[in-house]
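Engineer: In order, the protein sequence lines correspond to chains A and B. Under our numbering, the first residue of the first sequence is numbered 3, with each subsequent residue one higher. Under our numbering, the first residue of the second sequence is numbered 3, with each subsequent residue one higher.
There may be inaccurate statements among the hints.
When chains are identical, the list treats them as one kind, so a pair holds in a single copy or across two.
Taking lysine to aspartate or glutamate pairs in the EDC-like style, the calculated list, with each CA pair at most 16 Å apart, reads [stated by the list, open to error]: (1) Lys524 x Asp54; (2) Lys385 x Glu367; (3) Lys385 x Asp364; (4) Lys124 x Asp506; (5) Lys449 x Asp461; (6) Lys181 x Glu224.
Hints listed in this document are in silico derivations from the structure and should not be mistaken for laboratory results.
There are 2 protein chains.
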Amino acid sequence: MVRIALGQLNTTVGDLDGNVARMADWTARATHEGADVVLFPELAITGYPPEDLVLRPEFVEDNLAALQRLAKETAAGCDVIVGFVDRSDAGLHNAAALLRAGTIAARYAKNKLPNYGVFDEKRYFVPGADACSIRVGSSELGISVCEDAWHPDAPFDALARARPQAILNINGSPYHRRKGAERLEICRDRARQTGSWIVYVNAVGGQDELVFDGGSMVVSPEGEVAARATMFEEDLLVVELEEERASADHAADWPGQTEEVYRALVLGLGDYVRKNGFREVVVGLSGGLDSTFVAVLATDALGPDTVRGVAMPSAYSSSESVEDAVDCAARLGIRIDTLPITDVHDAYRRTLADLFRGLSDDVTEENLQARIRGNLLMALSNKFGSLVLATGNKSEYAVGYATLYGDMAGGFAPIKDVPKTLVYELARWRNAVGAAHPPIPDRVLTKPPTAELRSGQLDTDSLPPYEELDPIVELYVEDDLGVDEIVERGHDRATAEQVAALIDRAEYKRRQAAPGVKITPKAFGRDRRLPITNRYGR
Amino acid sequence: MVRIALGQLNTTVGDLDGNVARMADWTARATHEGADVVLFPELAITGYPPEDLVLRPEFVEDNLAALQRLAKETAAGCDVIVGFVDRSDAGLHNAAALLRAGTIAARYAKNKLPNYGVFDEKRYFVPGADACSIRVGSSELGISVCEDAWHPDAPFDALARARPQAILNINGSPYHRRKGAERLEICRDRARQTGSWIVYVNAVGGQDELVFDGGSMVVSPEGEVAARATMFEEDLLVVELEEERASADHAADWPGQTEEVYRALVLGLGDYVRKNGFREVVVGLSGGLDSTFVAVLATDALGPDTVRGVAMPSAYSSSESVEDAVDCAARLGIRIDTLPITDVHDAYRRTLADLFRGLSDDVTEENLQARIRGNLLMALSNKFGSLVLATGNKSEYAVGYATLYGDMAGGFAPIKDVPKTLVYELARWRNAVGAAHPPIPDRVLTKPPTAELRSGQLDTDSLPPYEELDPIVELYVEDDLGVDEIVERGHDRATAEQVAALIDRAEYKRRQAAPGVKITPKAFGRDRRLPITNRYGR
Numbered sequence: 003m004v005r006i007a008l009g010q011l012n013t014t015v016g017d018l019d020g021n022v023a024r025m026a027d028w029t030a031r032a033t034h035e036g037a038d039v040v041l042f043p044e045l046a047i048t049g050y051p052p053e054d055l056v057l058r059p060e061f062v063e064d065n066l067a068a069l070q071r072l073a074k075e076t077a078a079g080c081d082v083i084v085g086f087v088d089r090s091d092a093g094l095h096n097a098a099a100l101l102r103a104g105t106i107a108a109r110y111a112k113n114k115l116p117n118y119g120v121f122d123e124k125r126y127f128v129p130g131a132d133a134c135s136i137r138v139g140s141s142e143l144g145i146s147v148c149e150d151a152w153h154p155d156a157p158f159d160a161l162a163r164a165r166p167q168a169i170l171n172i173n174g175s176p177y178h179r180r181k182g183a184e185r186l187e188i189c190r191d192r193a194r195q196t197g198s199w200i201v202y203v204n205a206v207g208g209q210d211e212l213v214f215d216g217g218s219m220v221v222s223p224e225g226e227v228a229a230r231a232t233m234f235e236e237d238l239l240v241v242e243l244e245e246e247r248a249s250a251d252h253a254a255d256w257p258g259q260t261e262e263v264y265r266a267l268v269l270g271l272g273d274y275v276r277k278n279g280f281r282e283v284v285v286g287l288s289g290g291l292d293s294t295f296v297a298v299l300a301t302d303a304l305g306p307d308t309v310r311g312v313a314m315p316s317a318y319s320s321s322e323s324v325e326d327a328v329d330c331a332a333r334l335g336i337r338i339d340t341l342p343i344t345d346v347h348d349a350y351r352r353t354l355a356d357l358f359r360g361l362s363d364d365v366t367e368e369n370l371q372a373r374i375r376g377n378l379l380m381a382l383s384n385k386f387g388s389l390v391l392a393t394g395n396k397s398e399y400a401v402g403y404a405t406l407y408g409d410m411a412g413g414f415a416p417i418k419d420v421p422k423t424l425v426y427e428l429a430r431w432r433n434a435v436g437a438a439h440p441p442i443p444d445r446v447l448t449k450p451p452t453a454e455l456r457s458g459q460l461d462t463d464s465l466p467p468y469e470e471l472d473p474i475v476e477l478y479v480e481d482d483l484g485v486d487e488i489v490e491r492g493h494d495r496a497t498a499e500q501v502a503a504l505i506d507r508a509e510y511k512r513r514q515a516a517p518g519v520k521i522t523p524k525a526f527g528r529d530r531r532l533p534i535t536n537r538y539g540r
Numbered sequence: 003m004v005r006i007a008l009g010q011l012n013t014t015v016g017d018l019d020g021n022v023a024r025m026a027d028w029t030a031r032a033t034h035e036g037a038d039v040v041l042f043p044e045l046a047i048t049g050y051p052p053e054d055l056v057l058r059p060e061f062v063e064d065n066l067a068a069l070q071r072l073a074k075e076t077a078a079g080c081d082v083i084v085g086f087v088d089r090s091d092a093g094l095h096n097a098a099a100l101l102r103a104g105t106i107a108a109r110y111a112k113n114k115l116p117n118y119g120v121f122d123e124k125r126y127f128v129p130g131a132d133a134c135s136i137r138v139g140s141s142e143l144g145i146s147v148c149e150d151a152w153h154p155d156a157p158f159d160a161l162a163r164a165r166p167q168a169i170l171n172i173n174g175s176p177y178h179r180r181k182g183a184e185r186l187e188i189c190r191d192r193a194r195q196t197g198s199w200i201v202y203v204n205a206v207g208g209q210d211e212l213v214f215d216g217g218s219m220v221v222s223p224e225g226e227v228a229a230r231a232t233m234f235e236e237d238l239l240v241v242e243l244e245e246e247r248a249s250a251d252h253a254a255d256w257p258g259q260t261e262e263v264y265r266a267l268v269l270g271l272g273d274y275v276r277k278n279g280f281r282e283v284v285v286g287l288s289g290g291l292d293s294t295f296v297a298v299l300a301t302d303a304l305g306p307d308t309v310r311g312v313a314m315p316s317a318y319s320s321s322e323s324v325e326d327a328v329d330c331a332a333r334l335g336i337r338i339d340t341l342p343i344t345d346v347h348d349a350y351r352r353t354l355a356d357l358f359r360g361l362s363d364d365v366t367e368e369n370l371q372a373r374i375r376g377n378l379l380m381a382l383s384n385k386f387g388s389l390v391l392a393t394g395n396k397s398e399y400a401v402g403y404a405t406l407y408g409d410m411a412g413g414f415a416p417i418k419d420v421p422k423t424l425v426y427e428l429a430r431w432r433n434a435v436g437a438a439h440p441p442i443p444d445r446v447l448t449k450p451p452t453a454e455l456r457s458g459q460l461d462t463d464s465l466p467p468y469e470e471l472d473p474i475v476e477l478y479v480e481d482d483l484g485v486d487e488i489v490e491r492g493h494d495r496a497t498a499e500q501v502a503a504l505i506d507r508a509e510y511k512r513r514q515a516a517p518g519v520k521i522t523p524k525a526f527g528r529d530r531r532l533p534i535t536n537r538y539g540r
């Protein structure tokens, strides 16, 4: 019998003192709950992922000192398993330490280093070659870190031979849609492979483009989920493991597929704002779906007093749009100011009149309007210290239907990885759960999407309908398929070619985009690294 | 005796057809010159680095077809060694092929995959485990790819045992200052280790943030340079190797340290513009050093008809600044237009007056001016299809002394990796080599740096003098030192702390910066991957 506490903690990258203080506190709580050992996530000492901070020798040194401090501060408590950056003659390791009675009683270096998608672990770390088991009371426990569990070979082949009662797996596993099901599947595979309990502890919280969704769990040797921690919140889950059964001090419900994405966005946005110390966010409210939805997200993440909206109507804005922006602000209880852009737009046109004489209006004049709005929002940011939220969605970022320095301006782009059709789904879901007080005006959900940068403009003037566009973006971006293969999957060739060309051509814009929350298997940003200078397919 | 042609080619990423056509042409030339074998750079079929294009199965397929096509087209010519993406049961390889008489006669998979700095090769490729030798006429030749040569173990340990007459090393080795000396050193080490000639072929040309500087060479078994190709230009160098001596059909001079950086910037900027198909670039000319120098670079890279300047004076611009901008344009023979920003600035102030009532002027009003200029340049870009060049230097990008969406606006930032003190050195060098017609007005080189965003403003109001700032930036950014270590190297603690804090806080801005030419060992961009959300040292 062994009592294990799963410490699903929200650390902050680089906050060594803060992370240690919270883990010392949680260890005291776990000890109080009778735990024999408490587990904290991968690299919980440094926060995950520390990226190139790890290349600074001073940082590695400070992280080792922080580990020693945590050992001292938990000397009187239960055992602690925690992730840190270790150093050996071979190099640096993504490692786990067992802290016991004030000392580092065991060290394990992660064997499998992910170097795909958002991960660059081979840039920093040397893989360990050995498996690691520890004894806690009468129980033998194996230790592993994140990616280790995704492969049946080392260290799990050795653990399968050793057959410990349980295998502890500490993670910094970022969220994407339906990742929970993938994780559960690999925990089941490893449980059946080893005949051991799998104790899976994940981090929780937002870090730049990533959100860690928690969802820590215990899986039986037969592959059944025996205990679950919450998703998207910190949780300390204490589980008592016997040979054949496990009992947990509480059980969490996991959200459904739509709610899951919504909560990932709320946590990712909220943590970016909190961890970077902003007092306020500001959103340009156009009365369209994207900006309305971002305001709703921000209000759910931060509360209405921390969110302000700005309506910036032009000559092309319909009265309905301004009404809808004001209506949404009222429903949310957030401040809204109105700054018409006509005066500034006229001044730009006067300034450029000589140079542009004889040339007809085109996208130049449209982009100017978007950029005036970007500048006004940035002026508020400079004057009031607020963080500007960019409101573009993944469909727009994909095909370049967003203005650089215009509606792309901002410090964070909460829905940049959310395709437009999913924005609709999330918005409808959010209105349904708040049915008594739906935050999004009905008209916002039903009117056809428009940028309102010229008379009578509709998104469908330039783009295929989003129901056609989004599946093609997914096949091209997330699945790396070529046009022929997309056509084989039933899409129109001309449309597929148009969309692929637009995606390729917009790479230079995306390179200058603000970060946003990754919620799909492949987001724009660190996750997808394409050259700008690229003649493939042209 | 063997005649080897070093094909120092400027490929374009993704342009499989174009790259194959040029290599077929060069192979015919090499054959005509009596070469037994012609060498092309690492991944010359795809262009280097192809980044995530490699994750598309269709792209890998097309690259294999392109290799076959090159084999067919060179069937009647000499042997060809060329880099391509190979595929085996183990995965993808960064590989070299020997093409002979229309077939792929040998394949070699790079053993050492760089995964540091700008390199992500472990993201894409599986390392080969075998060395490779081929026979050309009576000569035994070893094959290696780039990073292989930086290590004495595999494949070079095996090559040392085999002792081929020469070891061919094909490269896509990006430039940074003084890299040539490092390369020469490793070629010498490998030559002495193996007792073989080292035939080092590098790519040339710009690709997004990277510039490949050429400088292909042949090093004798004793470690002497026996032949050199040009730097920063394409070159086909034919070398006849005998047991004890080598003779080349021509010899190139390599530029000195300052010229080397200048030419790297010219090539990197020029290729970005050419390979992305822009007809024209546009630069905001403030009369300050950075924008003047960028205009000079652009004119040297592209010719005066392809460069246009825009002076955008405000109420704070001195008459000298406008004169200097006009003077520089005249010296360069480029077009200059004047677009005063006062009218637009006034319109912004009127628009924001109610919201900002009672608040004093601060950085908000300064940034607005920079952003108006950014918007005007982008309007020209939209109207005329020109590429906007951002004019910030590395010192500014480091400490955040540049306005996001303002002077940071643009598609390419040619000097973003050039510290301000080096901008001065390069500018003086450029004036000296063009002594009869120095392009940069003297006053631009002698007046104190100012952003002219408020009355009497100087850079030194906010920042330490660049002579103090630049060495601290180098120690903190390029050498990854902490403040204590910087102080130990003789710098003032308060200044070092200020600079480090400014660098950390500006990370969010740099994440949205345009790409620019890497010329230091560590540039901002793919080369330095720091979290934005980061409490370390705060």
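Engineer: Hints first: check each against the structure and report whether it holds.
Structural biologist: Hints versus structure:
1. For the homomeric pair Lys524 and Asp54, the shortest alpha-carbon distance between copies (12 Å) is at most 16 Å, but the shortest distance inside one copy (22 Å) is not.
2. Taking the shortest Cα distances, Lys385 and Glu367 sit within 16 Å of each other only across copies (9 Å), while inside one copy they are farther apart (27 Å).
3. For the identical chains of this complex, Lys385 and Asp364 are inter-copy neighbours only, at 8 Å across copies versus 33 Å inside a copy, given an alpha-carbon limit of 16 Å.
4. Taking identical chains as interchangeable, the C-alpha atoms of Lys124 and Asp506 are never at most 16 Å apart, the minima being 28 Å within one chain and 24 Å between chains.
5. Within a single copy, Lys449 and Asp461 get their C-alpha atoms as close as 12 Å, which meets the 16 Å cut-off; across copies the closest is 50 Å, which misses it.
6. When the C-alpha separation of Lys181 and Glu224 is checked against a cutoff of 16 Å, the pair qualifies neither within a copy, at 21 Å, nor between copies, at 57 Å.
In the structure shown, a violation is registered for the earlier hints numbered 4 and 6, in ascending order.
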